[in-house]
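Chains as they are written, first to last, in our numbering: chain A, 158 to 256; chain B, 401 to 1003; chain C, 18 to 213.
Because the hints were derived from the structure by calculation, they are not lab data. C-beta atoms are modelled at their ideal positions from N, C-alpha and C, and glycine is treated no differently. Check before you lean on any hint, since a few could be wrong.
[Stated by the list, open to error] Computed footprint of chain A on chain C; a stretch qualifies when at least three of its residues, placed anywhere within it, have a C-beta under 8 Å from a C-beta of chain A:
#: 1; segment: 35-48
#: 2; segment: 57-67
#: 3; segment: 76-86
#: 4; segment: 89-102
#: 5; segment: 192-205
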Amino acid sequence: MEHASPEAIKKHVRTYVIVFVSLMALTVITVAISYLHLDVTAAVIVAMFIATIKGSLVASYFMHLISEKKLIVLALILTAVFFIALMALPLLGYHDTIG
Amino acid sequence: MRTYVFSQDHKIIGLQYMMTALLFLFLGFTLMLLMRWQLAYPGLAIPGEAFALTPGILGLIALLISLISKRKLTGLVGVLFLGIAGLVWYLVSDETLFPEGVMVPELYNSFGAMHGTIMVFLGVVPLAVGAFGNYVVPLQVGAPDMAFPKLNMISYWTYFMGGVVMLSSFFLPGGAANSGWTSYPPLSDIATVGQTVWLFGMVFLITSSLLGSVNFIVTIVQLRANGLTFMRLPFFVWAQFVTSFLLLLAFPPLEAAGILQLMDRLAGTSFFLPSGLVISGQQLDVSGGGSPLLWQHLFWFLAHPEVYVLILPAMGIVGEVIANNTRKPLWGYRSIVYATIFLGFMSFIVWAHHMFMTGMGTVISTFFQTTTMIISIPSVIILTALVLSLYGGSIRFTTPMLFALAFLPMFAIGGLTGLPLGLAPSDIHLHDTYYVIGHFHYVVAPGTIFALFAGLYYWYPKVTGKMMGEGLGRIHFWGSLVCMNGIFFPMLIQGLAGVSRRLYDGGAQYSHAQSVLQWNEVMSISAFALAAFQIPFLINFFWSIKKGKKVESDNPWEATTLEWQTPTPPPHGNFTTIPEVFRGPYEYSTPGSSKDFTPQNVR
Amino acid sequence: MQIPFTVAARPDTGLHNAKLGIWLFLASEVMLFGALFSSYILLRVAAPEWPHGSTLLNVPLATLNTVILISSSVTMVMSWASLMLKDFAKYKHYMGLTILCGLLFLLVKGFEYGAKFSHGIMPGEDLFYATYFTLTGLHGLHVVGGIVVNFYFWGPGSKMWQTEPQRFTNRIEVAGLYWHFVDLVWIFLFPTLYLL
Chain A
158 MEHASPEAIK KHVRTYVIVF VSLMALTVIT VAISYLHLDV TAAVIVAMFI ATIKGSLVAS
218 YFMHLISEKK LIVLALILTA VFFIALMALP LLGYHDTIG
Chain B
401 MRTYVFSQDH KIIGLQYMMT ALLFLFLGFT LMLLMRWQLA YPGLAIPGEA FALTPGILGL
461 IALLISLISK RKLTGLVGVL FLGIAGLVWY LVSDETLFPE GVMVPELYNS FGAMHGTIMV
521 FLGVVPLAVG AFGNYVVPLQ VGAPDMAFPK LNMISYWTYF MGGVVMLSSF FLPGGAANSG
581 WTSYPPLSDI ATVGQTVWLF GMVFLITSSL LGSVNFIVTI VQLRANGLTF MRLPFFVWAQ
641 FVTSFLLLLA FPPLEAAGIL QLMDRLAGTS FFLPSGLVIS GQQLDVSGGG SPLLWQHLFW
701 FLAHPEVYVL ILPAMGIVGE VIANNTRKPL WGYRSIVYAT IFLGFMSFIV WAHHMFMTGM
761 GTVISTFFQT TTMIISIPSV IILTALVLSL YGGSIRFTTP MLFALAFLPM FAIGGLTGLP
821 LGLAPSDIHL HDTYYVIGHF HYVVAPGTIF ALFAGLYYWY PKVTGKMMGE GLGRIHFWGS
881 LVCMNGIFFP MLIQGLAGVS RRLYDGGAQY SHAQSVLQWN EVMSISAFAL AAFQIPFLIN
941 FFWSIKKGKK VESDNPWEAT TLEWQTPTPP PHGNFTTIPE VFRGPYEYST PGSSKDFTPQ
1001 NVR
Chain C
18 MQIPFTVAAR PDTGLHNAKL GIWLFLASEV MLFGALFSSY ILLRVAAPEW PHGSTLLNVP
78 LATLNTVILI SSSVTMVMSW ASLMLKDFAK YKHYMGLTIL CGLLFLLVKG FEYGAKFSHG
138 IMPGEDLFYA TYFTLTGLHG LHVVGGIVVN FYFWGPGSKM WQTEPQRFTN RIEVAGLYWH
198 FVDLVWIFLF PTLYLL
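Chain A with its partners taken away, still in its complex shape (with noise of 0.2 Å):
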C-alpha cells in the first residue's frame, strides 16, 4: 500500500466513491424496510444482512482488509470467533436452565 502508484491510488478513489453511493443506497434501503413494520424475527434478520453488507464494505474498500496481509485478517477471524462464543453461549444458557 505504501508504495502503490498514483494510477492506483485514483482506482482507489474510483472505488471509495462506488462504496460511498452504495452505502447511502442501503441506509434508505434499511430505513425504508424498517417502515414495513415486519415481525422481530424477520426485521432482525433483514437489517442485521443488510448491516453486515455495509460494513463488510466499509472493512473491505475503505479499511483496505480486502487486501490486507493474513496475519491481521487471521487476528480479526479469531476475535470474530470469541466475539460470537460470547453472544451465543450466554444465549444459550438462558435458553437452557433447569426449571
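Fit chains B and C to the known structure of chain A by using the hints.
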C-alpha cells in the same frame, strides 16, 4: 526526571512495574494476615502493633541499607514500606473498624475483596507481565526496545494511577469495595461508594493492560532479530505472546461490564438488577428487568483467561530456568508451543465452569464441562514436558532452580484439585467452599509466585551485575515451601468438609465445620511464618544490589538466550551490534561442541 | 537508537508496526462493543416486552447522522489518498471535512439527548433507554476521541509532512482505520437501536 520517572526504556519501565507490583503483593499479603488473625483467634484483640511493626521494621531496615549503600531507590522502598505500616496502623487503630481490637465483619469483607483484587490485578499480573515481560522480552527477541516505547511508559503510569485509585478507596466512608473481587450484583450494585472507586480503578488497570498487550504482540511479531523464527523463540516469549492475546481479547468484556455496573450505580439503570428486588424490607426504586447473571458471564469471560494470564508467564520462566540448570534443551519444545497456543484458544470457551451453580441446564453445563476437561490436556502436556526436561539433565541446584523444581509438583496439585471443580456433579459440593480457595492458591502461590521468585533470582545478575546470596535464598525457599503448604493444604480439607468461603468466623457457627475448625489456627500460624520467611528474601534482594557477589561475566548462568549476550546491565538500545540468530533457544550440551552451551547469536 | 519497521514494512509480515498495532487495538474494541451488543441481546431476549425503536427515538435524525458519519468515513479515506498522491492541500481539505462531520454528528447526538432529558427521560427510565444511552454514549466518546486525534493531525501534528512524509502518511492511515471502525460500530448500532 525525564530519564527515570518518565523513562521510555523498557528496562526502566520493567523495574518500575516490579517495584510497584512487589509493594502491592506485600500489601495484599498484609491484608490477608490481618484476616487470618481473625480466623484463627475470633474475638481476640489484634496485636495491631505487631502487624504494623513488621512492615515498619522492614521499612527501617531498607532505609538503613539505603543509607549504608547510598541507594536512593532502596530508601524510597523503605519509605513506602513505612507507608504500608502507616496504613495498617491507621486501620487497626480505628475504633469503628476494630472495636476493642476485633475486626468488624464489614472490614473483613472489604479486606477479602481487596486482597483478591490487589493480588491479581495490582500484584501478580503486573509483576509477571509488566515487569518480567517488559524487561526480558525485547532482550530475548533481540530488539532495541519495545515497539512503542511511549505507549509502554503510558501503560505503566496508567497502572500506577489505577493502583492509587484502588488504594484511595480504603479511606472513603464505607471503606473499600466489599463485594468480593468478583463484584457480583445485586450486592455490588448497591454496595458502598468504595465499589464505584473499584470500578474506576479497574478501568485504569484494564486500559493499562490493553495498551501493554498491543505493545507485546507487535514487539514479538515485528522486532525479532534476523534469523529468529517463531520456532526459535525462547518458551518465555511464546508464553508472553499468548498471554498478551488473552489480555487483548478477554479484558474488553469486563470493561463493558464495568461500564454497565457504573451506569447502575451512578445513573440509576438496572442492567444487573432484576425486577422486584427487595433490600432490607424495602422494594428497590429502579426500573428492574436486568440480569445478575449477565455480570457473571461478562466477568468470567475475562476472569477465566485471566487465570491463564497468571500461569503462562510463570511456566515460561520455569522453562527458561529448567533448560539452563539442566544443561539440556527443553523436552518437546514443539509440543509445549502448540499446547500453549491451544490452551490460549480454549481458555476463552470454558468460563461458565465458574457458574455451574446458577441453574444451568444440562446442555450448556455439558458444553462447559467438556471444554474444561479438554483444556486440562494442554496444561498437562506442558507440565509433563517440563518434568521430562529434567530426565538425563546435569542438574544445578541453584536457588532459581529450587523454586522452578518446586513449581512442578505444586502446580500439579493445583491443577489436579481443579478437576473436581470443573465437573458439575462434584462442583455442587465444592463450589464456594475453601476447597476452591485451596485449589487456586496452590496454582498461584507455590505455583506462579514461586516461578516469579525463580525469575527474580535468575535475572537479578543481569539487571544488577551481582548475584543474590545462595544461603538466604535457600532459607527463603524452604521456609516458603513448607509454610505455603501449611496454609493451603488444610483449605482443601476444610472445603471437602463443606466450610464456605468468605465467612467472617471461619465456619465456627456451622456444625458441619466443627471437625475441621482447628485447621484455622494451623493455617494462620503458617501464614505468619510465611511472612517471616520473606524477610531473608527482602534483605537479600536489597543488600545484594551493592554488596552481593559481583558477576564474573555478562553471562554468569552460562545461558543460551539473547538477554545474556548483552552488557550488564544492558544499555539503552540493548545490543551494541544488531544480533543475528543462528539456532534454537536451548543449545545446551550439543554433541561435538567445545562448551556445554552455544548462545543463539554465536555463528 | 531506532526502532525498526516504524515506517518501512517488515519484509516477512508486510506490515509496519503501527498498522499491526491499530488492528490489534481494533480487535479489542470489537470485543468491547461486542460485549455490549451481546448484553443488549441477552437483556432484550429475556425481557417480557421491548419497545420498537422507532416509537421512542427519532429515526429521520439518526438516519441523517448515519449519512453524516458514512460521509466522514469517505472524506477520511480521501484525506489519506490525497497524501498518497502527495497533495497536502487536498489532505487538509478532506481531513477538515472529516472533523466537521464528526462535530456535526456529535451536535445531532447532543440534540437527541437534550430532547430526551428535557422530557425527563434519563438512562434509569427503563432498560431500553439504559441501553440506548449507554451504547450511543460510549460510541459518542469514541467519536470524541477520534475528533481529537484527527484535529491533532490536521493541525499541530501535520508539521510532520515536511520532515517525514512517509511516516505521516502511515499515521493518517492508522487514524483512518480507527475512524472507519467508529463508523462501522454505528452501522450496526443504528438499525439495532432505532429500527428494531
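Verdict on chain A covering the segment 57-67 of chain C, where coverage means 3 or more residues with a C-beta closer than 8 Å:
holds (count 4)
If you count the residues of the segment 35-48 of chain C with a beta-carbon closer than 8 Å to a beta-carbon of chain A, do you get 3 or more?
holds (count 7)
How does the segment 192-205 of chain C fare against chain A when you require at least three residues with a CB closer than 8 Å, holds or violated?
holds (count 8)
Verdict on chain A covering the segment 89-102 of chain C, where coverage means 3 or more residues with a C-beta closer than 8 Å
holds (count 8)
Chain A over the segment 76-86 of chain C, status - at least 3 residues with CB closer than 8 Å
holds (count 4)
When the structure is compared with the earlier hints, no violation turns up for any of them.
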